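A.B. asks: Required output: the full structure, derived from the provided sequences and hints.
6 protein chains.
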Amino acid sequence: MTKKTAKETIAIQTKLVMPNDTNPMETLFGGQLMAWMDELASISAFRHSGRICVTASINNVSFDHPIISGDFVTLEAKVSRAFKSSMEIFVDVSVEDADRNITKCNEAIFVFVALDENKKPIQIPELVPETELEKKRYDSALRRKQLSLVLAGRMKPSEATELQSLFE
Amino acid sequence: MTKKTAKETIAIQTKLVMPNDTNPMETLFGGQLMAWMDELASISAFRHSGRICVTASINNVSFDHPIISGDFVTLEAKVSRAFKSSMEIFVDVSVEDADRNITKCNEAIFVFVALDENKKPIQIPELVPETELEKKRYDSALRRKQLSLVLAGRMKPSEATELQSLFE
Amino acid sequence: MTKKTAKETIAIQTKLVMPNDTNPMETLFGGQLMAWMDELASISAFRHSGRICVTASINNVSFDHPIISGDFVTLEAKVSRAFKSSMEIFVDVSVEDADRNITKCNEAIFVFVALDENKKPIQIPELVPETELEKKRYDSALRRKQLSLVLAGRMKPSEATELQSLFE
Amino acid sequence: MTKKTAKETIAIQTKLVMPNDTNPMETLFGGQLMAWMDELASISAFRHSGRICVTASINNVSFDHPIISGDFVTLEAKVSRAFKSSMEIFVDVSVEDADRNITKCNEAIFVFVALDENKKPIQIPELVPETELEKKRYDSALRRKQLSLVLAGRMKPSEATELQSLFE
Amino acid sequence: MTKKTAKETIAIQTKLVMPNDTNPMETLFGGQLMAWMDELASISAFRHSGRICVTASINNVSFDHPIISGDFVTLEAKVSRAFKSSMEIFVDVSVEDADRNITKCNEAIFVFVALDENKKPIQIPELVPETELEKKRYDSALRRKQLSLVLAGRMKPSEATELQSLFE
Amino acid sequence: MTKKTAKETIAIQTKLVMPNDTNPMETLFGGQLMAWMDELASISAFRHSGRICVTASINNVSFDHPIISGDFVTLEAKVSRAFKSSMEIFVDVSVEDADRNITKCNEAIFVFVALDENKKPIQIPELVPETELEKKRYDSALRRKQLSLVLAGRMKPSEATELQSLFE
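Protein chains in written order, with our numbering: chain A, 3 to 170; chain B, 3 to 170; chain C, 3 to 170; chain D, 3 to 170; chain E, 3 to 170; chain F, 3 to 170.
It is worth saying that the hints were derived from the structure and are not from the lab. If you're wondering where the values come from, they're calculated on a predicted model, not measured in any experiment. There may be inaccurate statements among the hints.
One copy or two, either will do: identical chains are not told apart, so a pair holds if it fits within one copy or between any two.
[Unchecked claim] No more than 30 Å apart at the CA atoms, straight line, and that leaves these computed lysine-lysine pairs for DSSO-like: (1) K158 - K122; (2) K158 - K137; (3) K121 - K147; (4) K5 - K138; (5) K121 - K106.
C.D. replies: The structure is reproduced here in structure tokens:
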């Protein structure tokens with residue numbers, strides 16, 4: 003099974019925020035943004051695995067900078083690490099002004115699972131990180147996976163070696 | 003400032019899933035569910051604080067049981083703990099059958115911040131947990147807050163006393 | 003066939019009105035409200051009958067108090083009376099302020115019919131009203147049913163005994 | 003103030019029903035149809051009064067013939083009678099086949115109120131019915147108005163002369 | 003196969019522009035208008051051919067007069083000429099004021115193809131233009147068809163006799 | 003005023019087609035695709051001009067290859083030529099399979115006008131084409147502009163020198 007680079011999994015959407023997308027405070031409705039992010043993450047997962055993928059979990063969704071009607075928003079999804087049949091995917095959201103200056107607004111981390119024809123999990127290619135940021139996210143992905151297993155009671159904290167290193 | 007019980011902050015939506023809400027696998031589109039959850043969490047936040055509230059972060063969104071077109075879905079949002087101006091809110095999602103048997107499908111944990119007229123954070127009432135589950139979520143909320151601060155690099159792991167106890 | 007209480011048939015949706023839901027006067031678009039009401043009434047009908055139900059008629063939809071973007075709106079649907087295979091369902095709509103003061107805004111009366119697997123009407127349980135309001139609505143339901151049959155030319159006015167009593 | 007004929011108030015929408023508009027039974031969602039009807043009735047009210055109009059009540063919404071995805075549906079709204087500042091409007095809904103045969107599917111009766119610049123009710127022109135059906139609906143409109151006042155407790159049954167005649 | 007007059011193919015939609023339909027400049031979003039036009043043109047094509055029809059191309063979409071929230075907009079679609087299995091359809095868009103004065107806002111020319119049960123193109127009736135405008139559009143339709151074939155490289159300019167006459 | 007390359011004006015959206023986006027033939031609704039294209043073209047226009055831009059016209063919209071629910075669709079918009087205050091923009095649409103093989107499905111040519119603060123047309127930078135395709139589209143843009151002026155009766159065919167060359 004051929005490995006894929008993180009770069010090969012990038013999926014992009016640039017959108018113009020419409021009044022239709024806003025909440026009563028006239029900023030982008032968070033739920034609408036989540037819907038866009040989830041759609042885009044599923045495309046990145048497809049590009050890595052060549053399979054239909056379903057959302058398993060979402061974490062670390064941050065809302066740092068409000069987005070308003072008329073803003074030009076770019077979402078970029080990229081696989082950060084592949085496990086056996088699941089992938090961790092970062093979605094980064096930013097706005098740009100008339101001079102193409104970029105302001106980072108949001109981030110979220112999705113986990114998707116690739117399914118075969120019978121909707122059972124299926125093995126997927128390894129992911130190869132190349133840039134500094136890709137490598138950093140690749141390395142920390144294991145820590146997040148352990149954290150999620152510990153919090154769900156499916157791994158003993160004492161076995162979460164990656165996670166423990168945080169507190170040493 | 004009067005304290006509020008968790009029960010007073012409950013917000014509910016029961017929905018019939020329409021074809022309009024589904025993805026190409028004919029299950030409920032995860033992004034649509036996120037949009038419903040975010041709207042409902044903001045109502046729970048309003049009921050606790052009496053203020054307009056904005057989403058600060060979302061975590062632990064799990065997708066355990068697929069939901070299909072025609073399902074009757076109930077979302078319940080409830081504040082689990084109030085901090086200075088922010089609240090942690092659980093949204094639980096379940097489906098029911100013709101005999102009112104309930105299957106838990108999803109869960110998510112939102113953090114909202116209450117804003118004053120100038121869109122600055124403002125102090126909110128304390129939350130009083132009453133049931134066993136409310137108390138359990140209240141207690142673990144502090145651990146999640148520390149975890150989020152540590153992961154964001156805004157708290158030293160050594161200061162995250164609640165979190166460390168997990169690994170001892 | 004087990005009887006059901008009115009209380010068991012309650013279905014609730016609390017919503018935050020978005021710009022997306024408004025008409026050009028910047029109040030909640032009546033057609034959008036009708037769509038929410040119809041969805042919720044079908045859930046109440048399902049909870050009473052355990053069957054897929056379809057809308058047969060809608061009456062007495064009143065618009066008393068305008069609702070604006072940013073309002074927190076609660077819809078409550080409850081079966082008022084069950085006939086052979088049809089149910090009458092009230093949907094009450096109200097808004098709440100920061101102190102949880104409630105203002106009644108709208109009301110509508112739906113009739114749904116329960117269908118079997120072949121999409122034919124099927125017998126449903128009786129409804130037991132308990133509160134004063136439930137009993138009042140239960141009693142007047144027969145009058146409304148007769149009125150609807152008379153207006154449709156399917157009952158002679160002289161046979162509409164409940165209705166005639168109004169004019170004596 | 004110039005009178006208007008019923009014909010001058012006609013507003014029409016022909017629509018192709020999309021999967022997007024259906025419920026889980028794969029027929030047109032009743033709430034979506036109500037939204038279309040309400041929008042169209044407001045246009046008919048505008049054409050009669052030349053004013054912004056708001057929905058006051060809806061009655062007699064009947065669902066006689068199911069509509070499916072791919073159907074070509076025509077809605078026609080027409081003012082049936084004008085009172086001081088309010089209008090009664092019929093909306094008739096039908097589908098057509100490839101030979102332009104028409105099947106009546108739904109009907110609803112709306113009451114709209116015309117507003118001035120300060121959102122206060124304002125006097126509107128009289129309506130002149132011309133065809134047999136227009137005259138029949140014009141005549142029965144008074145009976146419906148009395149019925150609605152009686153049911154709302156704002157008119158004594160003994161004063162509802164038009165309505166009483168039904169039961170003599 | 004019976005011929006049809008242009009008049010028999012007319013399809014109409016009058017709409018009230020909602021905030022939901024606007025772009026950040028608070029005028030009707032062009033893409034939303036295109037969606038309405040495409041739906042309506044497909045209905046006109048169905049009325050001419052009695053067949054399911056699919057969009058083949060769109061041209062000459064002009065945006066001459068901005069439309070705002072609260073405007074009453076009428077779209078009218080009418081077949082301008084029928085070829086073997088394809089039809090050219092004009093969609094004209096206008097707004098009206100309180101005195102029913104009409105302002106033309108947009109125009110577009112669609113080509114639809116009629117399909118049989120196997121989704122293959124099928125022969126359709128001839129179109130008979132009657133009014134001056136219908137005849138003018140009928141005549142120029144051939145020129146537009148040649149232009150489209152020339153631009154697509156599927157007809158030699160020297161064979162486009164109708165088109166050449168423009169430049170003589 | 004700095005020139006811009008065509009590459010700098012690229013805007014991209016990759017989308018997963020949902021049941022919500024389909025017509026009754028279960029393919030992507032053409033009107034929905036037009037809405038996506040128009041939004042994306044406006045972003046490309048903004049990236050070239052740094053200004054709010056409005057749609058002036060749309061042409062050459064072709065529907066060559068049907069798109070179905072579940073398809074992964076990529077839209078790419080790019081300015082092909084800048085005139086005084088208007089830009090011509092190509093939007094190309096394609097689908098990809100699991101091996102990233104691309105099938106071209108649709109194309110459309112938009113003209114947008116850049117507006118200043120008073121909503122008046124304002125001068126924009128020149129566009130520099132670099133690739134073969136960019137140069138070909140740049141050259142043919144003038145011919146399309148003349149064609150549009152001739153068809154609108156705002157240029158004499160004898161003055162449309164670029165256009166005439168087609169027929170020599």
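A.B. asks: Evaluate each hint against the coordinates.
C.D. replies: A quick look at each hint next to the structure:
1. K158 - K122: Only inside one copy: K158 and K122 sit 26 Å apart there, 41 Å across copies, limit 30 Å.
2. K158 - K137: Both ways: K158 and K137 sit 27 Å apart in one copy and 23 Å across, limit 30 Å.
3. K121 - K147: within (22 Å within a copy, 36 Å between copies)
4. K5 - K138: Close inside one copy (19 Å), not across copies (38 Å); limit 30 Å.
5. K121 - K106: Only across copies: K121 and K106 sit 20 Å apart there, 36 Å inside one copy, limit 30 Å.
Of the numbered hints stated above, none is contradicted by the structure.
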